[in-house]
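Colleague: If you follow the hints, you should be able to join the two separate chains into one complex; please do so.
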Amino acid sequence: MGLLLISLWLSTAVGAVTLPLREILAGLLPVPLRGGVELSSTTYAILYQIRLPRTVLVALVGAALAGSGAAYQGLFRNPLADPYLLGVASGGGLGAVIAMTWQTQGASDYARDVPLPSLVLIPLAAFAGALLTVVLVYRLGSVRGTALRLMDSHTSRIILAGVAIGAFATAMTTFVMLRLQGDMYRPVAWMLGGFTIGGWGPVLASLPFIVVGLGALAALGRVLNVMQFGEDQAQHMGLNVTRARAAVIVGASLVTAAAVAFSGIIGFVGLAVPHAVRLMWTHDYRKLVPLSILLGAGGLLLADVLARTLVAPQEIPLGVVTAALGAPFFLYQLRRSGLG
Amino acid sequence: MNPPSALLLENISHRYNGADSPLVLDGVSLRVGPGKVTALVGPNGSGKTTLIRVASGLLEASHGVAFVASGPLPLSRMSPETRAGWVAVVPQAAYLPPDFTVEETVRLGRMAARGWLAAESEADRKASEIALQAVGLATLRGRPLGRLSGGEQQRTLIGRALAQGAPILLLDEPTAHLDLRHQLEVLSLVRSLAASGGYAVLLALHDLNLVARFADEVFLLVSGRIVASGPPAAVLREDILTAAYGVQVKVLEHPVHRTPLVVPDGADPADVAGDLAGRR
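In the order they appear, the protein sequences are chains A and B.
Position in the first sequence counted from 1, then plus 5, gives you our numbering.
Position in the second sequence counted from 1, then plus 93, gives you our numbering.
Derived by calculation from the structure, the hints in this document are not laboratory data.
Accuracy of the hints is not assured; some may be wrong.
Stated by the list, open to error - These stretches of chain B come out as covered by chain A in the derived footprint (C-beta under 8 Å, 3 or more residues):
#1 164 to 174
#2 183 to 191
#3 199 to 206
What the hints assert, rightly or not - Anything over 12 Å on all C-beta distances counts as not near chain A; from chain B, calculated:
#4 R108
#5 L116
#6 S155
#7 G178
#8 L233
#9 R253
#10 L263
#11 S281
#12 S285
#13 R330
#14 Q341
#15 T352
Computed from a predicted structure; not experimentally measured.
We put the beta carbon where it would ideally sit given N, CA and C, even for glycine.
Excised from the complex, chain B in its bound form (with noise of 0.2 Å):
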């Protein structure tokens, strides 16, 4: 198991075809600290999936790179195996056979580990064991996914890879689909994972107030270049929310959190879309 370090990406571009294609992300740089839970908000298309993908490594981008601070290599240029070590992914609307088992899908975590042929060692249960009772599933580890909640399902995901035993955790809108307490649920867990186990934890996420109460730094995207960056309350304002999402909101402050509280104020997109325009 690698030890806890952070993730960095320097001055990350990407375009996906020819050199005449609109840049997907443009000159991005960010570091996601051991511990921490950073979030990666954007209104749609601004780039996070893609911003994701670079950082798991499995995308090169066309400029920039990817790397794992203690790492030996930019993950881009990891084997698949060793990459696997060091970056663990829970993918967006993730496909999900459905007959297999919530242990079965965790005890894969180890695959890259063990190697295709090699059998499973003592090592391996242990870790698929304690990446189970970490996310909380050790009593459903014989339901079929096909038979879980949406929360279950994503818990079952994040214990996969827990026990890839890497250090650096992504996770593409983890709370799509799930209802107000399985998103509470899942965050929590995210969250108490990265201040206990040191895991460096990069998270896109769509809900602003989610983002307000349970990162610890939050990175502004729009058309793929960074606006805003820092703690909750220093990016969730309301003249930058206003001016990236094209939608007049307002901050107010959270009754029983003293986190920033996002509400939309109530104007037509299209209203707001023309005043500001006017106003530039």
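Looking at chain A on its own, in the form it has when it is part of the complex (with noise of 0.2 Å):
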């Protein structure tokens, strides 16, 4: 919680001008309330269009992408489940960008032109894709057979099978740019995971399904303690395996999808995040799915300041941070679940 509201600072105040607190503090509050802080029209400007809107975007996605991290971890039973691993995200981009392809057909500037029941088009796709891989990497990465049932997610095949449609899902998606043809910056920056489009718009496109598909999971942690045992304990304890696993794949690509279509692909924070949770404080679903919510929207934001500073007045690619971040993570949990 705390490092949440340090990183919410830290995000609206770092930038080209830098906002101190007080009158951070001061611009949220109605006027009456202010303490006589006089806030100039560019401070005004500058949090209200520019940082807050980011700030806003920066924790949902965070939020959105660790939860499900944590959600399809628990699925899978496989630690390495992510949504960026398991091809979902990918999946997701690929309904996006058919999306707005077909929207910007002539529209140079994306947030000013598209209003925003387009916008929202944008994540329905990416649902639309996220679930259709979620569902054929399903299909290719479970062993038939009762024999080998025990040890289903264990395996590495889940794993593959994301890899596998995750990268064709990459590979569609950079065809359909290419044939966009123009301005090729705006597109690569997305899909490295940049937060190309600016305003409220796409805060208020992705938030109820971010909020929704948050909710859901969070609700359903006891069903993932359960399924923690595997599919036929968890049968014989009463669980509708097959409902509750369609619960929580449609909660968990619905929340992925959101972050997904306003903020390209951001890979791993959906596998560092919940395991941190679980290294620092629990195994139970019930926390570990609100805690790696709260940790993934602060991680994200510091990775987002670090992003915006590090070769200022550029940015890097969100995408990028988190990669250079999380993939030595990843190959640490490689070494360590013995399949590398």
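Modeller: Printed below as a string of structure tokens:
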């Protein structure tokens, strides 16, 4: 919680113009409660049109990726499962890109030219792509037959299937983008995890999906706990496994898709954050999911501050920063789990 | 919590694949009475685990029906939540996530009674606590499953089954991989649960001497058929066992418990098999 507050502050304060905490807090309050702090119209504009939308969106995306990562890991009983490695993020990205190119024929500035209802189409298309991917991965990755059921999700098959389908989706995404012609910087930056669309539009378009999806995942903590004992035992305990699995898949894919739609492919958050929560606090999914959501928001905000400041005034795509931090962590995990 | 009740399997036949694949179970009928420990014995591959799966309701047999005497529906037709209130299962070689504690695991037994989203009620906490006490693990409640002995792990799973509040308990090889002391400990526990709690217990068991000592009734399954049933003394006989297992056995009397004591007589199984073939 403390980390989240600090990172929220850093994210709103840091940039080309540094905003003091006093002014940020004052700016958030209605005029009579500001205690005499005067805000210039520039400060106001920076705060409300640049910093806050970005901060809120990054926090939402971090929460979404970490929350869905925790849920996927619980579902597949595999500590390596995350939206990125399962290919779900790439599948969602493909959906999003198709929706974007279909709409942007001729639009030069996405944020201004595209109205909110069309903006909402992007997460929806991403959701379709994500859902399709996860179902495919599940089918290809699970082993048929009762003898192998005990091990089903512990094998690396799921991850291999995810990587393969993810690679395919990424290739298709690149293809669609090449067909787009014209300015390549924007789509490429998007794909690497850059927040290329400014303003409140993306926040409004993804907020409902992320809030609903994360709420559902957090409520499914006990179901995920039961699922840790494997399919058979879960059924013995009276869990409707088919329905539970569908609920987790839909919830996790929904938030992944909403995150990917406006932030591109940001890897490793869904992998590293739940793992950190497990190491520091708990294996109990009733707490693991909410804690991952908080830590994911805070962590990604800090990574975003790094992305904006390291080579300022230029920006590094956020996905590059998380990959640089996350890839070594992933390799470490791989060694520990004995798959490497 | 559902009242004590009998488990009934009627004329169960099952094949796993198409109509031309072999029958794994062939016309099995049996009754597991409340307050009784009923043992299912037989050679490897005789269909014990399949029969337990049918009895648990997870597997719908190709023919025949498994139901609880006072239950509303055949087990395979019940919703998972309802079924968990009638039949609780301690599976064979169950996977256990090592970080979960004893108490967390036992409490998960209340999952079906509570539904997905409802908060844990006072009744749930009480049922879990009683189950924890009944299996004697109250002092180990905070210990992770990965740091328990095999016997303690098995008792945890029995505790979770008890927390479900189901009158029927199914245990598939509950003593596999346990040392002598823990075998006795787990089966004594099961026995006293049946006697004092009115549970109808069906267990698949390999060790015939444990069966002799702890079971009230025995069903001997060979190639999917029940070839003998009754109290241990009626089933654990030299002629029956020699034919069923293809090994020459002697049945003596246990010096302390006066129950049948089954010992292989040392002949090479290959010779015995030849012998048996010759006799037919």
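Colleague: Work down the list of hints and note, for each, if the structure agrees.
Modeller: Taking the hints in turn, this is what the structure says about them:
no. : hint       : result
1   : 164 to 174 : holds (count 3)
2   : 183 to 191 : holds (count 6)
3   : 199 to 206 : holds (count 5)
4   : R108       : holds (14 Å)
5   : L116       : holds (17 Å)
6   : S155       : holds (16 Å)
7   : G178       : violated (7 Å)
8   : L233       : holds (18 Å)
9   : R253       : violated (7 Å)
10  : L263       : violated (9 Å)
11  : S281       : holds (23 Å)
12  : S285       : holds (22 Å)
13  : R330       : holds (34 Å)
14  : Q341       : holds (32 Å)
15  : T352       : holds (31 Å)
Taken one by one, the earlier hints fail for this structure at numbers 7, 9 and 10, listed in ascending order.
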